[in-house]
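Q: Mind docking chain L on chain C? Use the hints.
As they're listed, the protein sequences go chains C and L. Here the first sequence stands for residues 20 to 503, numbered as in our numbering. Here the second sequence stands for residues 20 to 503, numbered as in our numbering.
Keep in mind that a hint or two might mislead.
For identical chains, the list gives no copy identity; a pair is met inside one copy or between any two copies.
[Said to hold, decoys possible] Listed below are the simulated SDA-like cross-link pairs for lysine to any residue, each with C-alpha atoms no more than 25 angstroms apart in a straight line:
| id | residue 1 | residue 2 |
| --- | --- | --- |
| 1 | Lys381 | Ser435 |
| 2 | Lys408 | Ile422 |
| 3 | Lys408 | Phe389 |
| 4 | Lys408 | Pro393 |
| 5 | Lys27 | Ile391 |
| 6 | Lys400 | Leu492 |
Just so you know, these hints were derived from the structure itself, not from any lab.
So the chains spell out like this:
Number of protein chains: 2
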Amino acid sequence: MNPVLIVKTLSFLMLIISGFMLIPAAIALACGETRELISFIVVILPLSALSGWFVLSFRKRKTEAFSTRDGFIFVTASWLAASVAGSLPFIISGAIPSFPDAFFETVSGFSTTGASILTDVDCLPRSMLFWRSFTHWLGGMGIVVLAVAVLPLLGIGGLQLINAESPGPTVDRITPRIADTAKILWIIYIGFTVAQTALLMIAGMDLFDALTHTFGTLATGGFSTKNAGVGHYDSAAIEIIITVFMLLASISFSLHYRALTGRLRSLAGETEAKVFLLIFIISTMAVALSVYGESYPSFGESLRHAAFQAASILTTTGFATADFEQWPFFAQGVLFLLMFIGGSSGSTAGGIKVFRIVILLKQAFIEMLFLIHPRGIFTLKVNNGVVRKDLVYSVAGFFFLYIFMLLCTSLVVASSGYDLTTSLTTALATLGNIGPGFGEVGPTNNYAFFPDYVKWFLSFAMLVGRLELYTVLIILTPEFWRRR
Amino acid sequence: MNPVLIVKTLSFLMLIISGFMLIPAAIALACGETRELISFIVVILPLSALSGWFVLSFRKRKTEAFSTRDGFIFVTASWLAASVAGSLPFIISGAIPSFPDAFFETVSGFSTTGASILTDVDCLPRSMLFWRSFTHWLGGMGIVVLAVAVLPLLGIGGLQLINAESPGPTVDRITPRIADTAKILWIIYIGFTVAQTALLMIAGMDLFDALTHTFGTLATGGFSTKNAGVGHYDSAAIEIIITVFMLLASISFSLHYRALTGRLRSLAGETEAKVFLLIFIISTMAVALSVYGESYPSFGESLRHAAFQAASILTTTGFATADFEQWPFFAQGVLFLLMFIGGSSGSTAGGIKVFRIVILLKQAFIEMLFLIHPRGIFTLKVNNGVVRKDLVYSVAGFFFLYIFMLLCTSLVVASSGYDLTTSLTTALATLGNIGPGFGEVGPTNNYAFFPDYVKWFLSFAMLVGRLELYTVLIILTPEFWRRR
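Only chain C is shown next, with the shape it has when bound in the complex:
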């Protein structure tokens, strides 16, 4: 363990975050939101001073490497520290006076969940709305860098699969060094941000709305600046743009890099992206056929709402244009099923992830082949490469732990007096970083009514889900802290 290095790196992260806070501070200044401006300054000054001092005072030490153990601590601590720091402006300005609420909201932001305890966002000052959506964007970028460049090194739940097994240009090691990889990912992310913002403005949004909704989309977060969410605009063009970018944000950013650098041919074998899009198309059709004639008179309108909602849930974004709890139960069942899937690995999406589902399905099939031919030898292939057995193990372990955490979280929610549908989908929506669920946490509801202990636990669940379970849970085992 190397506490000095961890603290130094965390301080560096805090310095960056306090730097990013200058943007909402500037917005507060421009909009004349004095109270909010003061709140940001009150946070930025001591935070940057303290973290800057830490960074500088430990500066001259010789180069040190992070151990795997340090990696786990750093990753968890960084999301935690960012959430605490990020919640301070909400508390100080009085936008969200209670700490559990503000912490929940900020964890929800950085974890790109999009579950909100706010009952009225329309009345929130612009600088606060911006900061809220901005946490999505920062968290989204953080998770892409983490998933593509850091987590595979830690060997979490099968994420190492891709770099270990893909033939040809390895997906994870876009470039050999993490810093370079991160830089490329930032460029793609910023490129998408500029593109979507521009398109949304062309479609009729003002710059502020376009930017905040772009943050919510690309991070697959789901915070909106309107009480009615994306439904507020009631514009097919806006919905189509957001649908497309939700899907893009849920496809591995490594693929985007390869696509943008012209290596289109290497994309043909990408099982995960293909299955992801197939799931999207099938579920959209299923939902559209279910709501057609029941909730909407025309098939076009049915398709529009179905595609948006299927994309929103599958990509774990959680935007809503319609109250899908009013839809036929079959359509709701399809969305419920999508909650168990999630986006692709190496993207900003949460959930179990498509590649894990693919591996588990293939493994279950191989298990059957093995029963038919007990002496047969079967190999599990993804993207034309053989998947090593220990990776399948890792994925299977992840899946079990996910369902286990899901049921435990449901029980905690139920303990506060909520029905089965609410409890289970609250757990799904937080652990999978989706946002809305069914029942009391449906698309027109929020998380305000839960007692504080449930909010704390759900904040924990959002972090656990976001950081691929093991990263956080491992720190809670005594074995992690035992010296060997």
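A: Quick look at chain L alone, frame taken from chain C:
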């Protein structure tokens, strides 16, 4: 493949079943239920004649062995054929006039699920009530023999674990030959039946009720002969007797054999049974504390209902003494959680089974140890024996397939217009062979209202769950039928 042998063995099974039908026929005769008597005779005569003819005509062939493939076909076909034959008296007598309904009820009986499409059992003729409960008893015995003696040979979902890995007296191979094993299991089963029936009669039930409720208990089925179920008697003594026998029936029958033959010492290391009882105790306490003061004024009464209901759901029996949907949501959440567990392997209980949960939990923990110490070597031990990696695989594959089937079944139910809670718990209650769920299929409801296609699918789900998924699903793959 050996179709002749399969047909011959199936015919033998049909001969046995038509023989067993003589008992309800005799009851019909004794009670003066002419219509029912005729219905049984109309089934017994041609069925026994036809199957007897088949058995005799193929008699003199040389000894032939079942291949693994034949085993899968035979097991699935036997449950299917028994359910079709068993449903005939219901249809012919007019007790359950519709075939999908009668088939559902009989599958529910033989699979020891206990989900019923009957809205009023009080008015059913005694011979029909007896036959309905008797299908539980026969199915329960069938599954114990299957689980202990046959499925391990087929290598299903980790069930081979126990005989392959346990040290000392192997659990599965109580005696080397299947026929001998089956005989011992029958003796234990009949012994339990006599004991429970006698105790229930001492507690105040008449012979008929005692016998039918014993069938429902030992098979962990759940069919009652009263509309109010076990709650009808409102007797603490009866509930305690049933609770104890539900738990006994959910513990591996191999353990009972060892206990009865005095090898008590070898039981000490039995992880599955210990964990099973621990889960029962913890969930009983949790439910009792939740309902105390809320649903029942005294703690004693709370404990009584909590223990009965926790045992009923955990053992996948499904008897009810209270409408647990009126309980606080935390208590409901605990019962919901128990629905994902089920009883022990080698018992009459359904569900995922405790030993699979134990293995998956241990595996998830090992996965974490491995992340902390990437070069470490960790072995998964159960009952002091090392569990082979391919068995963990098998269990992990089973778990994924279970959740997958669960969600698919939920979607089918939802497609008929039922809410999430109803859809999901209907799937859980049928796939896990439990019986009651939540929502529209709660303990005071039944399955009568579902459209026929849902009843067919749920019948399928009950069979799939009962036969440990793979046995049935494997037959649906093209690979199974391909010649090599």
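Q: With identical chains, the pair lysine 408 and isoleucine 422 could be close in the same copy or across copies; at 25 angstroms between alpha carbons, which is it: within, between, both, or neither?
A: both (21 angstroms within a copy, 21 angstroms between copies)
Q: Should lysine 408 paired with proline 393 be assigned to within, between, both, or neither, using CA atoms and 25 angstroms as the limit?
A: Cα proximity of lysine 408 and proline 393: in one copy and across copies (17 angstroms, 15 angstroms).
Q: Can you tell me if lysine 400 and leucine 492 fall within 25 angstroms by alpha carbon in one copy, between copies, both or neither?
A: Between copies only: 22 angstroms across, 29 angstroms inside.
Q: With identical chains, the pair lysine 408 and phenylalanine 389 could be close in the same copy or across copies; at 25 angstroms between alpha carbons, which is it: within, between, both, or neither?
A: The answer is both: 15 angstroms in one copy and 14 angstroms across copies each meet 25 angstroms.
Q: Should lysine 27 paired with isoleucine 391 be assigned to within, between, both, or neither, using CA atoms and 25 angstroms as the limit?
A: Between copies only: 22 angstroms across chains, 57 angstroms inside a chain, cut-off 25 angstroms.
Q: Taking 25 angstroms as the upper bound on the Cα-Cα distance, should lysine 381 and serine 435 be classified as within, between, both, or neither?
A: Answer is neither: 39 angstroms inside a copy and 30 angstroms across each miss the 25 angstroms cutoff.
In this structure, the one hint that does not hold is number 1.
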